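Visitor: The residues making up each chain are set out below.
Protein chains: 2
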Amino acid sequence: MNKLQLSGERFEARYRIAAAHIEEAAERAEAICLEQTVEFPRALIGSPAILEGIVGRVVSLSAGTEGCYDAVIAYPWEAAGGELTQLLNVLFGNVSIQTGVRLSDFTLSPTLAARYRGPRLGIDGLRALTGVDDRPLLCTALKPMGLTSRELADLAYRLALGGIDLIKDDHGLSDQPFCPFEERVGLCAQAVERANRETGGRALYLPNVTAPHRAVEARARLARDAGAGGLLFCPGLAGLDTMRTLADDDSIALPILAHPAFQGSFAVSPHAGLSQRVLYGRLNRIAGADATIFPSYGGRFAYSPADCREIVIGATDSMGAVAPIFPVPAGGMRLSRIAELIAFYGRDCIVLIGGDLHSGHDDLQTNCARFRRLATDAAAALPTSDKSALAETARTHQT
Amino acid sequence: MNKLQLSGERFEARYRIAAAHIEEAAERAEAICLEQTVEFPRALIGSPAILEGIVGRVVSLSAGTEGCYDAVIAYPWEAAGGELTQLLNVLFGNVSIQTGVRLSDFTLSPTLAARYRGPRLGIDGLRALTGVDDRPLLCTALKPMGLTSRELADLAYRLALGGIDLIKDDHGLSDQPFCPFEERVGLCAQAVERANRETGGRALYLPNVTAPHRAVEARARLARDAGAGGLLFCPGLAGLDTMRTLADDDSIALPILAHPAFQGSFAVSPHAGLSQRVLYGRLNRIAGADATIFPSYGGRFAYSPADCREIVIGATDSMGAVAPIFPVPAGGMRLSRIAELIAFYGRDCIVLIGGDLHSGHDDLQTNCARFRRLATDAAAALPTSDKSALAETARTHQT
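Protein chains in written order, with our numbering: chain G, 41 to 439; chain E, 41 to 439.
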């Protein structure tokens, strides 16, 4: 091609910029327009076609809260092209190294949106697969690390008998010598299958396929062949586009649960990095996760209810043809909080309880049964139209 | 395997913990020991073998600066196993979601160290390849985005004629419609080759192979077949283990220049995320980069000279069999600062100048020649024993 030809179609990113006054914010926004595209001083760009067509364009700039300004910048879709890696790069590549600027949201233009299939199942598909339509799904993890494959399989069996819907590997189980992937996945998948035969249930086992570059796809296929019902994946460890690859592969065709290991630093500062909405919601969604695990307020991590509402928005609001996905509040949740959590998150969530299922005077299966009863009761107590209750609340809380 | 068997060999991570007093720091350190391994309450772990063998162990805890404490935690090598993805997970997976704790450094135990080949060339190998042994290497980027492949190739030709050692794609060039990868790489590699024939030089062209999961390896092979002299890769966009895969592949066998796009958020807060030493140094090094681009003090980004010293330590200090790699100060460097930069970084760095090569009254080749002359002169002005001068200075500044 001998001449720059662009369609004129642009997609939009919203940045929150810390600045002393609007002129400073405008200057920073203009700098972002250059930094994220040409990375070149405006005055040195000889080509009007590049200046007009490639450089980001400030669409709006308005005062937000806490001395911040919200800048919406429009980029030509061609700058991102057809690749998720490059889309991330245009949205936040170099700007990630700066402070005082945060990617708070983004939307895809039609051509870009058509490149992302999003989740294979999403909320509706995962409900259909598990046969649970009237309450939140129940999830737990196989742990602690150090159990042998046989011990993990025994645990999986009892959890499935107890009525847990999604039984996932702890995200710390990979292919260690004490529970090699193939052995563990085979035994755990069989164990959950056996429990399902006994209960008539449809519990899913989701092994962790976070792995080295060349091993990921093979492990996902191995998991599918062994009878796994889904996959656990940590995009922060093994790449967002790798997750997308698994999601888009029709020969694998399993639901994906995204885990935030090694991603938290992106959302650690209110004035840098990614918003929770983008990190846990938008990005996982376009990269094909069907559910997104995040640290809920009130657990071992420091998120607020407002942060969690933002995550729910990113996971469930309208995003063109990309289906909504399940928010999965986690990170030290307890049985004693089930009613409160479901009152907060509504019916369309997956509640993940780990260690607490193993505590107290009762045995594991009794605790599982209690988990299920508590969730069912809490869901029944919700107003009938609750489906969008949190999303509505959340929208009124948008920052 | 029916019983947990561990070697007792452990590797160590150092965390900087913000706490009001040492008891609070000790409590947080103990919590990290659990969070990063079993992710399970200590009291609920029935197995003494897991408590003794798997859970992290606080090796030391001491008061640091600014109300922080330094905790060294030892993990069994088996928890990380043979995989870089899982090593990252043990070092900082869940803790990344917390504030007030930063991974400041880590060392590998012998078994782990043996799994990481590190850079293929490192500083010495890249010097041998380029034939430059007496001064810093000179690097620049092909930009701005929006130029056609032919225009980029023409630019590459003139940069190579001008005496630039490493001519890399801008990290924003992927496979966009206006400069498709295959076309661009073919033309640019030929252009640099032609310039080398004319000058007798050994300039290298390094195309950007940051790409979707299934495209990365194919692009790297295509680049090699087209005559590229190295690869540019953004591990933050496409995965650290993907970079390691490229580095370890003897059929590709090209040096790798790591670019920090989308990684900056990891090092944005002094009380969370990764230290600059870990992010730009250690991790890129075990993942096989031969040189690490970072935003130097005094440019468009906010790093201090102390931050940059930390990066040099992470890139160059002793790390077992893993060779030292080139620090590549970048991010708005100017020709007027060459002498100062080389006085600071010493001979063993690669200086990356982008836009400034295109500014001023002189043409591009004249600016390139000036860049080379300035670097040669600045290196000649260094004390003969400067090789380790910065590293020494840096060590005395360790925090």
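These are computed hints drawn from the structure, not numbers from a lab.
Check each hint, because a few of them may be wrong.
Remember, identical chains collapse to one label, so a pair may be satisfied in a single copy or spanning two.
Okay, derived cross-link-like pairs now, DMTMM-like style, lysine to aspartate or glutamate, Cα gap no bigger than 25 Å in a straight line [unchecked claim]: (1) 43 / 257; (2) 43 / 380; (3) 43 / 67; (4) 43 / 357; (5) 43 / 63; (6) 43 / 222; (7) 43 / 194; (8) 43 / 223; (9) 43 / 238; (10) 43 / 403; (11) 43 / 191; (12) 43 / 417; (13) 43 / 174; (14) 43 / 92; (15) 43 / 110.
Being a predicted model, the structure only gives us computed values, none of them experimental.
Visitor: Each of the hints needs a verdict: does it hold here or not?
Guide: Hint check:
1. 43 / 257: Classified as neither: same-chain Cα gap 39 Å, cross-chain 29 Å, threshold 25 Å.
2. 43 / 380: For residue 43 and residue 380, the Cα distance exceeds 25 Å both inside one copy (60 Å) and across copies (40 Å).
3. 43 / 67: neither (30 Å within a copy, 62 Å between copies)
4. 43 / 357: Neither. Shortest intra-copy (39 Å) and inter-copy (47 Å) distances fail the 25 Å Cα cut-off.
5. 43 / 63: Cα proximity of residue 43 and residue 63: none, with 36 Å in one copy and 66 Å across.
6. 43 / 222: Answer is between: at 17 Å across copies they meet the 25 Å cutoff, but 52 Å inside does not.
7. 43 / 194: Only across copies: residue 43 and residue 194 sit 14 Å apart there, 64 Å inside one copy, limit 25 Å.
8. 43 / 223: Between copies only: 14 Å across, 56 Å inside.
9. 43 / 238: neither (66 Å within a copy, 28 Å between copies)
10. 43 / 403: between (71 Å within a copy, 23 Å between copies)
11. 43 / 191: Answer is between: at 9 Å across copies they meet the 25 Å cutoff, but 63 Å inside does not.
12. 43 / 417: neither (64 Å within a copy, 41 Å between copies)
13. 43 / 174: neither (57 Å within a copy, 41 Å between copies)
14. 43 / 92: within (14 Å within a copy, 66 Å between copies)
15. 43 / 110: Close neither inside one copy (35 Å) nor across copies (56 Å); limit 25 Å.
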